[in-house]
Amino acid sequence: MKGSLDDLLKRRIKTLIVENCDLDIQIEDIDDEAPLFESASMLELDSIDALQISIAIQNTFGIAIRDSKQMRRVMKSINSFADYIQPE
Amino acid sequence: MYIHSFGRFVGHPVEDIKYYKQDVSQYTQLHFRRANRFVLLSLAGACRCVHGRGIGKDTGVYLTTENGNLGDTEAVLDQIFHQHQFPMPYNFINTMSNTASFYVAQSLELFGRNLTLSSKQFSFERGLELLRSDQLCGAVKEALIGGVDEAYFSGQQFATKFERNADTIDMVEGSCWLLIKDREEGALGRVAAIETFANMSQVLSWMKARAFQGPVQAGFGLLMSAPEKQAIIVALPHSSPFDYISDYGYYDSATACGVTAFLERYQGNCLVHVNKDFLGQFVVLVIEQR
Amino acid sequence: MKDKVHIRGKAAHCALGDDIDAIVTAMREQRVSLSDMPLTLINMDYSRPYFRLSASSAGASTDMETRFYDVLYRVIEKAIRDAGLSSQETERMAIFFGSTSIDIPIYEEHYRNAQHVLSQSASGYGNIASEITKRFHTGAASYTFTTACTSSANAFLYAAAMISQGFIERALVVGYDLFSHIGFCGFEALKLITAPPYRPFDKNRQGIIMGEGCGAVVLDKAGGSPDDFYFLGGANACDTHSVTTHDPQGAAIAKVMRAALMQAGVDAQAIEAVKAHATGSYHNDLTECNGLKQVFGSQIPPVTGLKPFIGHTVGACGVIEMILFSEAIKAGFIPPTLGYEIHDEELAVAPLTQALAIKTGTFLLNYFGFGGNCVSLVIANQKSFGNP
Chain A
1 MKGSLDDLLK RRIKTLIVEN CDLDIQIEDI DDEAPLFESA SMLELDSIDA
51 LQISIAIQNT FGIAIRDSKQ MRRVMKSINS FADYIQPE
Chain B
1 MYIHSFGRFV GHPVEDIKYY KQDVSQYTQL HFRRANRFVL LSLAGACRCV
51 HGRGIGKDTG VYLTTENGNL GDTEAVLDQI FHQHQFPMPY NFINTMSNTA
101 SFYVAQSLEL FGRNLTLSSK QFSFERGLEL LRSDQLCGAV KEALIGGVDE
151 AYFSGQQFAT KFERNADTID MVEGSCWLLI KDREEGALGR VAAIETFANM
201 SQVLSWMKAR AFQGPVQAGF GLLMSAPEKQ AIIVALPHSS PFDYISDYGY
251 YDSATACGVT AFLERYQGNC LVHVNKDFLG QFVVLVIEQR
Chain C
1 MKDKVHIRGK AAHCALGDDI DAIVTAMREQ RVSLSDMPLT LINMDYSRPY
51 FRLSASSAGA STDMETRFYD VLYRVIEKAI RDAGLSSQET ERMAIFFGST
101 SIDIPIYEEH YRNAQHVLSQ SASGYGNIAS EITKRFHTGA ASYTFTTACT
151 SSANAFLYAA AMISQGFIER ALVVGYDLFS HIGFCGFEAL KLITAPPYRP
201 FDKNRQGIIM GEGCGAVVLD KAGGSPDDFY FLGGANACDT HSVTTHDPQG
251 AAIAKVMRAA LMQAGVDAQA IEAVKAHATG SYHNDLTECN GLKQVFGSQI
301 PPVTGLKPFI GHTVGACGVI EMILFSEAIK AGFIPPTLGY EIHDEELAVA
351 PLTQALAIKT GTFLLNYFGF GGNCVSLVIA NQKSFGNP
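Protein chains in written order, with this note's numbering: chain A, 1 to 88; chain B, 1 to 290; chain C, 1 to 388.
To be clear, the hints were calculated from the coordinates, so they are not data collected in a lab. Cβ atoms here follow ideal geometry from the backbone N, Cα and C, with glycine treated the same way. Incorrect hints may have been included.
Unchecked claim - To list a few chain B residues with every Cβ distance to chain C over 10 angstroms, as calculated:
hint, residue
1, 73
2, 182
3, 248
As the list claims (entries may be wrong) - Coverage of chain C stretches by chain B, computed from C-beta distances (three or more under 8 angstroms per stretch; other residues unrestricted):
hint, segment
4, 139-150
5, 237-247
Go ahead and model the full structure; you've got the sequences and the hints to work with.
Structural data, given as structure tokens:
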């Protein structure tokens, strides 16, 4: 199943983001399509958070994001993130 | 170097880091998601020192510490050597000790000089020397200088380092700060001297040759022996011992705590603080209060 | 007038060697030696480049603690010898030490088989400076600067200021960072490390290559030889933009460069060349070039970065790069920025692509680091008149 269709996986990703970035937010409030990192994003995440999340993903799923360009592409939204971790 | 304000945050460590975040949020609006104990401790003292007063944007920040942050460094070593994983970026960034002086500057919006300095037992005194140098060359007019250290992890660690029983000492964490300006107007007092000596007889002859203003409180670093303290009390006319370590507890940059406690309690007096390190060197710090 | 502060003696051990003449020759011949460091400790199946210390009798020991102090003490001994200090002169020498890792490389070895070593036995950031005091019987004060990548640049700045003000007679300034897994894995976790080639200021720059090294200078009111460099001025300030990056507009960096020039009492036009911090990260180089443009306008003097020779030696780079830069000039040249090929319109600053022939002048050295720290230093040397 494509990651963006896998609710369980998306829940895991959201939990991982909230826990690793010490966010004061309910995971239910994170929209699957909303941008994670732009200034309009409700999470107010920045580049250091992106790095924190990328290492947490690597430690949890064993999936490496090697450079920052790829990181920006992958972490556009929860859906794009889920599709990267689980392409099909 | 005129002292215009002081702030003190000293106590037993609280395990839940939220306690510190709540404390600091009384003074500053910044989010401290990534801040660790050492950062929050630094902020708790620094924010108290400047609370309610306007300070210039070019104010310098001099954070002095003997140990800096140990918790995150240990966490990262554990991630690498035991979990065999990448260090987490938050932890890694916090291993750099100057993140604390950075967050103090960021939360108070200070763009002046920014330093993290260490010198074993003399960290706070040496920091004051650097600030004096910056004031003299005109690089800094106003500065925040603090002595910040976490509490000892265990009595065992303390006992090994100081070769003395930890039971007699209350081990606390501390973050004590002074706001220092080059301007006398409105000051509480001033740093009148910082002098280094190779041995006790040099200390004593320097004291005998110098006049001290008002009643003198004699404060001492942890490594000063009882006979050394006694000799100093004798050498200083009209002096009485000021045992701030008994009153507030010990942490590694406790000189800063002694100075803030003196400022709070002894208007019109003079503090002569004598500190000693493991190499047997002495540093005398003199603070005169109005 | 304030007194002049001379670099009376110096020594360094870095990837290019442990002898100043050999290091200068390697820079002239543009010889570099890059190692490959695997990340097996953290279960990664790839490796990253790193500039290891050159092979030397100092640092040959397999015991980490022995090796750590061997490298350090050898460099300091050579610097003291180079300065020609008598034992009485050494006695009244204050220690200014700058490092990011301090004694972490020693602790790391213990962590292979144990836990909680640091929290049980850490002896404080000031420990190495205190050990230097004991070993070399110096009776003066010691100061340890831990301001990330500007650590030893700050150590230099304060040592020079306190000598010129008469608080101390002379100082030993040391920058020292050995390889540490924390630093190496940490920079990789922040995705800051590039594969070769290392090419600061290049359009295709991809990041930093780290290195290890130790540098020591003896600063004194009295100069050694007539062509010795001396300190003119410097500044430090904090950019509160972010804990890891500076404001890309370069305002804070420009402010520090201007303050250093003012402190030195020289105009921007008087600067013959700039030693850039030039880490090769996208952000650092952009920020630094924007700052340079604000200070120098369209008249930017020749600029070079030295990290492609020795790597980014983090807290040690303040002293090490100062030695490499000033000794190359004494030998008649400023080396080009190795690896740089393709001009980046966004930076609009081209570093030296060929060695610049020069023997004397006034120079600006830039250092930036995590925690928003910025340091600029101005140093100069004069023609030795007996030497046409």
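Outcome of the hint check:
The beta carbon of residue 73/B sits about 6 angstroms from the closest Cβ of chain C, which is not more than 10 angstroms, so the claim that it is off the interface is violated. The Cβ of residue 182/B sits about 15 angstroms from the closest Cβ of chain C, beyond the 10 angstroms cut-off, so the non-interface label holds. Every beta carbon of chain C lies more than 10 angstroms from that of residue 248/B, the smallest distance being close to 21 angstroms; the non-interface claim holds. Evaluation of the coverage hint for the segment 139-150 of chain C: fulfilled, as 10 residues show C-beta separations to chain B shorter than 8 angstroms, against a requirement of three.
Residue count for the segment 237-247 of chain C with a Cβ under 8 angstroms from a Cβ of chain B: 6. That meets the three needed, and the coverage hint holds.
Checked against the numbered hints given earlier, the structure breaks only hint 1 and satisfies all the rest.
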